[in-house]
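**Q** Listed here are the chains, written in short residue letters.
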Amino acid sequence: MPIAAISVENLTKQLGSRNVLKGINLTIGQGQRAALLGPNGAGKTTLVNILCGLTSPDSGKAIVAGHDVVRQTMVARAQIGVVFQDSSLDTRLSVAENLEFHGLVYGMSRKARRAQIEVMLNLVELSDWRNTVVRSLSGGMKRRLEIARALLHRPRILFLDEPTTGLDTQTRDRIWHYLDRLSRDTGLTVLVTTHYTEEVEHFDQVSIIDHGQIIANGAPFDLKAKHGTTRLLVKPRNKEAMGRITGVWPKAQTADNTLSIPISKNSEIDQFLAAFGRDVSSLEVESATLASVFLSLTGRELRDRVERANEKGRAS
Amino acid sequence: MAPRFHSPFRWRPVVINVAVVSLLMFGLSYVPADTSLSEIQRRGTLRVCIPPSRPPLVTGDPTYPGFDVALMLELSESMGITLKTRVVSAMGADFNPRNWRLSRSQCDVIAGGIVDSEETRGFLQTLPTDVQMGWGVIRPNTLVPEPRESVAVLPAPGLDRLALSQILRAEKADVVLVRDEAALIAALTTGRARIGLADKGIADRLAQDRTDLTSGWFKAEGVTRQSFALGFWKGDVELRRAFAHALSDMDEDGRLDDLRSEYGLPAAD
Amino acid sequence: MYGIWLREVVRALRDRGQIIGGVSRPLIWLLVLGIGLNPYFRGEVYGEVRVVLPYTYVQFLFPAVIVLNIMYTSILFAVSVIWDRQFGFLREILVSPLPTPLILLAKILGGSTIATVHGSIVLILARFADISLMPGQIALALLAMFCLSFTLTAFGVILANRVRNFEGFGVFSNTLILPLYFTSSSVFPLDPSLSRTQSIIVYPEWLVAAMRINPITYAVDFLRGILIGFNQFPAHIGPTLILLLGLVFFQVALFEFRRT
Numbered sequence: 001m002p003i004a005a006i007s008v009e010n011l012t013k014q015l016g017s018r019n020v021l022k023g024i025n026l027t028i029g030q031g032q033r034a035a036l037l038g039p040n041g042a043g044k045t046t047l048v049n050i051l052c053g054l055t056s057p058d059s060g061k062a063i064v065a066g067h068d069v070v071r072q073t074m075v076a077r078a079q080i081g082v083v084f085q086d087s088s089l090d091t092r093l094s095v096a097e098n099l100e101f102h103g104l105v106y107g108m109s110r111k112a113r114r115a116q117i118e119v120m121l122n123l124v125e126l127s128d129w130r131n132t133v134v135r136s137l138s139g140g141m142k143r144r145l146e147i148a149r150a151l152l153h154r155p156r157i158l159f160l161d162e163p164t165t166g167l168d169t170q171t172r173d174r175i176w177h178y179l180d181r182l183s184r185d186t187g188l189t190v191l192v193t194t195h196y197t198e199e200v201e202h203f204d205q206v207s208i209i210d211h212g213q214i215i216a217n218g219a220p221f222d223l224k225a226k227h228g229t230t231r232l233l234v235k236p237r238n239k240e241a242m243g244r245i246t247g248v249w250p251k252a253q254t255a256d257n258t259l260s261i262p263i264s265k266n267s268e269i270d271q272f273l274a275a276f277g278r279d280v281s282s283l284e285v286e287s288a289t290l291a292s293v294f295l296s297l298t299g300r301e302l303r304d305r306v307e308r309a310n311e312k313g314r315a316s
Numbered sequence: 001m002a003p004r005f006h007s008p009f010r011w012r013p014v015v016i017n018v019a020v021v022s023l024l025m026f027g028l029s030y031v032p033a034d035t036s037l038s039e040i041q042r043r044g045t046l047r048v049c050i051p052p053s054r055p056p057l058v059t060g061d062p063t064y065p066g067f068d069v070a071l072m073l074e075l076s077e078s079m080g081i082t083l084k085t086r087v088v089s090a091m092g093a094d095f096n097p098r099n100w101r102l103s104r105s106q107c108d109v110i111a112g113g114i115v116d117s118e119e120t121r122g123f124l125q126t127l128p129t130d131v132q133m134g135w136g137v138i139r140p141n142t143l144v145p146e147p148r149e150s151v152a153v154l155p156a157p158g159l160d161r162l163a164l165s166q167i168l169r170a171e172k173a174d175v176v177l178v179r180d181e182a183a184l185i186a187a188l189t190t191g192r193a194r195i196g197l198a199d200k201g202i203a204d205r206l207a208q209d210r211t212d213l214t215s216g217w218f219k220a221e222g223v224t225r226q227s228f229a230l231g232f233w234k235g236d237v238e239l240r241r242a243f244a245h246a247l248s249d250m251d252e253d254g255r256l257d258d259l260r261s262e263y264g265l266p267a268a269d
Numbered sequence: 001m002y003g004i005w006l007r008e009v010v011r012a013l014r015d016r017g018q019i020i021g022g023v024s025r026p027l028i029w030l031l032v033l034g035i036g037l038n039p040y041f042r043g044e045v046y047g048e049v050r051v052v053l054p055y056t057y058v059q060f061l062f063p064a065v066i067v068l069n070i071m072y073t074s075i076l077f078a079v080s081v082i083w084d085r086q087f088g089f090l091r092e093i094l095v096s097p098l099p100t101p102l103i104l105l106a107k108i109l110g111g112s113t114i115a116t117v118h119g120s121i122v123l124i125l126a127r128f129a130d131i132s133l134m135p136g137q138i139a140l141a142l143l144a145m146f147c148l149s150f151t152l153t154a155f156g157v158i159l160a161n162r163v164r165n166f167e168g169f170g171v172f173s174n175t176l177i178l179p180l181y182f183t184s185s186s187v188f189p190l191d192p193s194l195s196r197t198q199s200i201i202v203y204p205e206w207l208v209a210a211m212r213i214n215p216i217t218y219a220v221d222f223l224r225g226i227l228i229g230f231n232q233f234p235a236h237i238g239p240t241l242i243l244l245l246g247l248v249f250f251q252v253a254l255f256e257f258r259r260t
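Protein chains in written order, with UniProt numbering: chain A, 1 to 316; chain B, 1 to 269; chain C, 1 to 260.
This is chain A alone, in the form it adopts within the complex (with noise of 0.2 Å):
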């Protein structure tokens, strides 16, 4: 078992009238890629705040780095690097400015920081743009800053606020290559919170919270065995089709004219098709999800549809 890079002991904190933590346990090993999943409002940002210390929590104990976060808040500070859901770039000045701007914060030496600049332009393919002031960057562009900066001062823990939201694929990809490499080559450990269940899928551990509380922990293989589901998603031919399928199997659910068949067995696939073979017009199995676990885990979507269609709306 490696250190405990972060551990977390009964915390809670309270906004207004609101529980937003109500006894946060979490410990994640150095080194490793961690997620915290759960939809928004779960107190995923909460807890990150409190874990950089913007935010002291009512009760309960944080150590991030070997750092008490309430009683060693800069010592700790220093060791973590941190990229907010919005965006908190200096827009007016350049992007070697803004890295420069956060080694001069961070104690950096002008060595340093001279080459770590170099390093992280690299790494987030911004070198071209090193003179451009960050105002008139795109929205990919200002995220890869970003995340530049906050790995600029070698920062051992990483925290991720819903990073890749407006990240093209091959960057995306390029980023968590890097950050793989990192963790493995100076165990940087990476704590990302989101409510996209897909980039979390290689993750060595993801903690599902909702409602200030953490209801599962572990890696995203055994989440999946435990509690997971997979489904069956039919195109019966007709009406009738489907009338007769929702017959024999009462717990299909409809969404526009698709089926989805939870199954607990593989065998059950077969069944299904022996039965309704000539009925259906496609067949798609959809194995084991962290949203499937985490809607059997507290009855509800992981993202409302509105907000699906909403973020299609954006994508295109």
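Quick caveat, the hints were computed from the structure, so don't treat them as lab data. Among these hints, one or two may not hold up.
What the hints assert, rightly or not - Sample of chain A residues at the chain B side, in silico, Cβ under 7 Å:
(1) A96
(2) E97
(3) E100
Predicted model only: the values in this text are computed from it and were never measured. Here a beta-carbon is modelled for each residue, glycine too, at the ideal position from N, C-alpha and C.
Given the coordinates of chain A, work out where chains B and C should sit on it, guided by the hints.
**A** Here is chains B and C on its own, set in the frame of chain A:
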């Protein structure tokens, strides 16, 4: 040596901005603040108000016109302007400047006994001419320090006799008022008075003529010296500035000193 | 800390708009107003002037225009505080390993530097105002300007903590700066220079009272004392008040900054 690390912070625009602005401001600080100078240059004449007589600043004698008048002549000549003097009789008759009834329609500059005081500057802008006046002391060489038990006083116009008599009374000195310079010398030589008090300029002149007498400033608590100046109207910044220039030129090449000694004026210390 | 200061200074002095503002204000006030009002304040008849002061009007106005420029720059600097909060940059600083008082101090020092630069821009016009300055006077004036800038910037930061958006702040600051400026004995001498009774007879007492309780009055007076050697109040009031208020404002700003 390691190659110099250029901070990514771009200072160039900062430097350019500040430099451009500074230059602009510097340039603008030379715009004329008013038309006082250009008006006079256009007219070609400068009118100066003077009292009928205020020796040694104004004498009324055209061949030996007095320090202020001679100075004004020299200054306006160097600026290529003709000087027109206008004698205002009220200036000699009354100590209160309000009663002189001077206005812009009469003159551009006022000379001949403008005291450079806070009060004057409330109404005029002054250009100090480095001339000071006040009570001077004249005494036999042998007397050091100045005994004040018997004093001959030659009253001088413009000098505060009241303050002086208060001081002398407080010191219980035996005061003799003399009518003219000859009487002053006589009082000193006959031993009627141990020391004499007169206008510093007069005291200096008298002491210069005689080997047995020395002169100096009369220094005592409550005795003030007056510094003289040329008076410009408030708001005539450009005119005053031009004169200040010409005056400092005169000071530099020694013409001011020459003029001062010609009129027996003490240099300001 | 140097980084925060550097950022503010570079950012503000690179901003053309801000610089232009810093230039146009003194030009309007000194060149336009000074020249424009000259006929009303100049002497026509010996012994009769509208304002009995041993200075010309522009000389009298000059230190006040410096204060005005500093006021604008300092208080509007607080916009950068609102900016940082709105655009999230504040968090970048807050998660850094710098203690909050230092962050605030660096920010305010940055603002003070900018305001001092803007004040010095006016100083270049000294020749126009017919004020000749000795190097010692300039140094003293710069120091005084910096202290004043510090106090006003801290004050601006306190304001910024109360106002959440730019528009509100713009209106707010304008309605605050100009009255403060006009009642500070700056543009016209609300001035007991000859005697107290004179000023009260010439101006209504409420205006004189407003001038007396306005701290800017004493700041203007302080700078006048340095630049043209004229004080209408005891000379020590200005610097004492500025330093005292500076400390108080900084403490208040810090208290509020910590709370957010």
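**Q** Sort out which numbered hints this structure fails and list those numbers smallest first.
**A** The structure conflicts with no hint, since it agrees with every one listed earlier.
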